[in-house]
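K.L.:
Each chain, letter by letter, is given below.
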Amino acid sequence: MKEYQTITEISGPLVFVETDEPIGYDEIVEIETADGQKRRGQVLDSAADHVAIQVFEGTEGIDRDSSVTFLGETMKMPVTEDLLGRVLDGSGNPIDDGPDIVPDDRRDIVGEAINPVSREYPEDFIQTGVSAIDGMNTLVRGQKLPIFSGSGLPHNDLALQIARQAAVPEEEEGGEGSEFAVIFGAMGITAEEANEFMDDFERTGALERSVVFMNLANDPAVERTITPRLALTTAEYLAFDEGYHVLVILTDMTNYCEALREIGAAREEVPGRRGYPGYMYTDLAQLYERAGRIRGQDGSITQIPILTMPSDDITHPIPDLTGYITEGQILVDRDLNSQGVQPPVNVLPSLSRLMDDGIGEGLTRGDHGGVSDQLYAAYAEGEDLRDLVNIVGREALSERDNKYLDFAEAFEETFVEQGYDTNRDIEDTLEIGWDLLSMLPKAELNRVDEDYIEQYYVEDVEAEVTAD
Amino acid sequence: MSQATDTTVREDGVIDSVSGPVVTARDLDAKMNDVVYVGEEGLMGEVIEIEGNITTIQVYEETSGVSPGEPVESTGAPLSVDLGPGMLDSIYDGVQRPLDVLEEKMGSAFLDRGVDAPGIDLEKTWEFEPEVSEGDAVEPGDVVGSVPETPSIDHKVMVPPGSEGGEVTAVESGELTVEEAVVELDSGEEIQMRQEWPVRQERPTVDKQTPTEPLTSGQRILDGLFPLAKGGTAAIPGPFGSGKTVTQQSLAKFADADIVVYIGCGERGNEMTEVIEDFPELPDPQTGNALMARTCLIANTSNMPVAARESCVYTGITIAEYYRDMGYDVALMADSTSRWAEAMREISSRLEEMPGEEGYPAYLAARLSAFYERAGYFENINGTEGSISVIGAVSPPGGDFSEPVTQNTLRIVKTFWALDSDLAERRHFPAINWNESYSLYRDQLDPWFEDNVADDWSEQRQWAIDVLDEDGELQEVVQLVGKDALPEDQQLTLEIARYLKEAWLQQNALHDVDRYCPPEKTYRILGAIKTLNDEAFDALDAGVPIEEITDIDAAPRLNRIGTTPDDEVEEFVDDLESEIAEQLRSLY
Ligand SMILES: Nc1ncnc2c1ncn2[C@@H]1O[C@H](COP(=O)(O)OP(=O)(O)O)[C@@H](O)[C@H]1O
Ligand SMILES: [Mg+2]
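Chains as they are written, first to last, in numbering that gives the first Met the number 0: chain A, 0 to 467; chain B, 0 to 587.
It is possible that some hints are incorrect.
[Unchecked claim] Computed from the model, here is a short list of chain A residues facing chain B with C-beta under 8 Å:
no.	residue
1	I22
2	A46
3	A47
4	V109
5	S117
6	R118
7	G291
8	P348
9	A379
10	L396
11	A442
12	N445
13	Q454
14	Y455
Derived from the structure by calculation, the hints contain no laboratory data. Think of the CB as a built atom: it goes at the ideal place given N, C-alpha and C, for glycine as much as any other residue.
Produce the complete structure using the sequences and hints provided.
P.N.:
The following block contains the structure:
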């Protein structure tokens, strides 16, 4: 392999090198500084006599005399089942003092798109034990369902609760089915946050069946663009070669996007909305679409990416483009959090697009869809009335309106609120749902089949409320 | 896609640079829009710029690892599709490669690169039944015979538009492949079942006519308030999660088109999988056959190469035009046109073109209108009439309709179904905002609805619009003072409007019955609400207090009509209407 000492320009995370042989697009590069430090990078632009390289670990310390070696291949991740239980850095190197990793295969980290005809539509209900999710935004195996949060909100607690409690009810009973694995990809989170995850993994024994990729806040920003790809390549191997049901948690996607923006700016690209690259949708899709099920295969990849919305703004390009790709979103809400609701999930802007096929008769329960729709409609109506009540007061509202106000309050206090250690099964969740719906007159329940109203409506709850 | 047939030898070029999906080549002998094969692996691409000795190519496959110096070979032909029997019941990528054939050839669930396949099966035979005899004179477009393509569709074999025409000298019949001659002409020309057509070029027609027939959708709010015409254009913009895809899929399932071309452009893989799994099972409400028998799917999901995303809408509309030429009514859905526009932007920026608004190329508006112009109700060159209706989803960043793709689309299309996140959040579906949406076809379609559904179709619709308008105004007052502060007649209007929204406008696409509502049922539900309205106002006039009027237990049953099976609706609504009248009249 030829070594070049022909760096012509260094700019932000980019290095430009003159070459006299053809270099492949996306090829991996090793740069060695005068004092012997090694950095890795990737070819972003390849022309006949020069290339642009994006350096993962930062360009600090690189000068014109540094030597550049092209490795003749694109970035690979060494994969093996033995990765389970291991902690790696954001570039995939072990940092846990464990034994050397002997790979079973080395896989291209860019990944190939799953052929839509080869996919199997995800429809196995995952019970997370969280009512706001199971009852109204059901997660299914193979789904990509992100958590949209804000800085300082307890999204990690929620993610950990899901990781701890997630189970597929039937398999638990039958005791069969594939094994479960967790891939955790951290991008630019603080050491404190990272410890929160690691402690929980260790405490619950989850670490043994996890692979952890850590790029922390003080690690190089550009490395964040490869960390999730390493994580997902590992996930694909475990799911589709080894048959695991893999849950991938990626946090924080906002830091990932910032890194993309940094590279775009260094390349002097025409920026898209708010300075983020115009290709960010495509780039994010190449991560999020690496979830799902494949016909004839046992394993699956379920993704829970976490992102913090800058200024809690859901229209910001990061949550916006994410929501356009993922199969729904779970919103962690600042107001509910200050009210002390745990987990503070705001169901109204939350959505699970795959819910419909994962619930109902034989899967969860026949009334599930109707109950969910009715809870949504009723909570939205109660929420609306809160503004009005501030102006005119409760007395000025009709009896009907007052019922909806009571409903909204009770909904937050008993359905959404449950604490991070409570694991509710779907029956419990639906039962709480019916207790709440029973605060409203039967005639109001137009989203639920009449048979289910007969079966589940709790008569005396309404009597109680009207008696007040 | 079409396997290019040009045999002239051309000079190969070499790759000069690679930047994502854009590759430049030196010394390549190629024309604009020619298909080329790039690199050792022969990745498919298309020429998009020629400057001096440098040719710029957009590559339809991943370019990782491709290096300068590798060869580039031109096919000498523009990006074309294969047209012929076998396109229905198929699923293609953005350049018409059948995805099931790719799966087989690649032996993997993952899309590898450098693998090509013809758009229609060249080996398969079809039962050709001729419709011309020796001695007949034929011209371009003329139907020479047909094959039963699917249980729903007879595929007409036509003289291609580029043909000279002439006298028929030989006619075949029976089992033939798409490349065998079915008819020979005196000029020596052989007509086959298979044609080729360059996707960026519109297929010829005689004339475009004013559409007068609705494309009924089975969706109450669309047929009832904002109908689309056969040959019309519609846009569905909305933020994520507001119902663009569900609406498009409902149209693909229930619109009364002969043929449906459904393009998943830069969207989710699982959404295409859902269609692939559902459509072979679901019946077409027109024929009772499987929906797939009238459907051609094109899937270029968000993680598939971006250049093929740019081409997928052209592949789709060319296929639509071909079936239109046979005299069919075709409906084309593109979900989402924004991803197509973004693909244009991505390629344009790699070309370092001067960006227009929000980085989109200056030709965005021109490309969008050229695409929608390919919709319409046409007189075909063979004298038949056919139509293409185009329904484009638009995905505005942040849900803000002021952005360039939405705005440029709205300038072209005549039907606007505005999706609303507020409605979606409260699970009012379809979340189509009835104040913002419009259909400019409404008046020209009224005669059809009056002739085919009910004489007072438009009158009743106007009543509904008036009530909803008044409701909109009253709601603003209610926000300030509460409902109880309003006079009784206004409170009653609010109540009637509530039923309009809940029992008529809302429709659950996930409910086995409710998801499809024929226009007659749409009309009956509205009629039942009107009955409540008329009887309730009479009662109010007679001095009955509002609480008693709104408390009758028949009224909430209006919400159950939607889920009542079609064959029980008549009886259910008749009973309900008399019950409403009876209960209200008994109050005074
Ligand atoms: N007509 C409808 N009936 C019932 N649910 C709907 C309807 N339209 C949309 N939805 C719900 O909204 C979700 C998002 O709709 P979708 O069409 O995927 O949105 P978009 O394409 O605009 O992002 C669906 O998963 C479904 O739960
Ligand atoms: Mg969609």
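K.L.:
Can you list which hints this structure breaks, lowest number first?
P.N.:
13, 14
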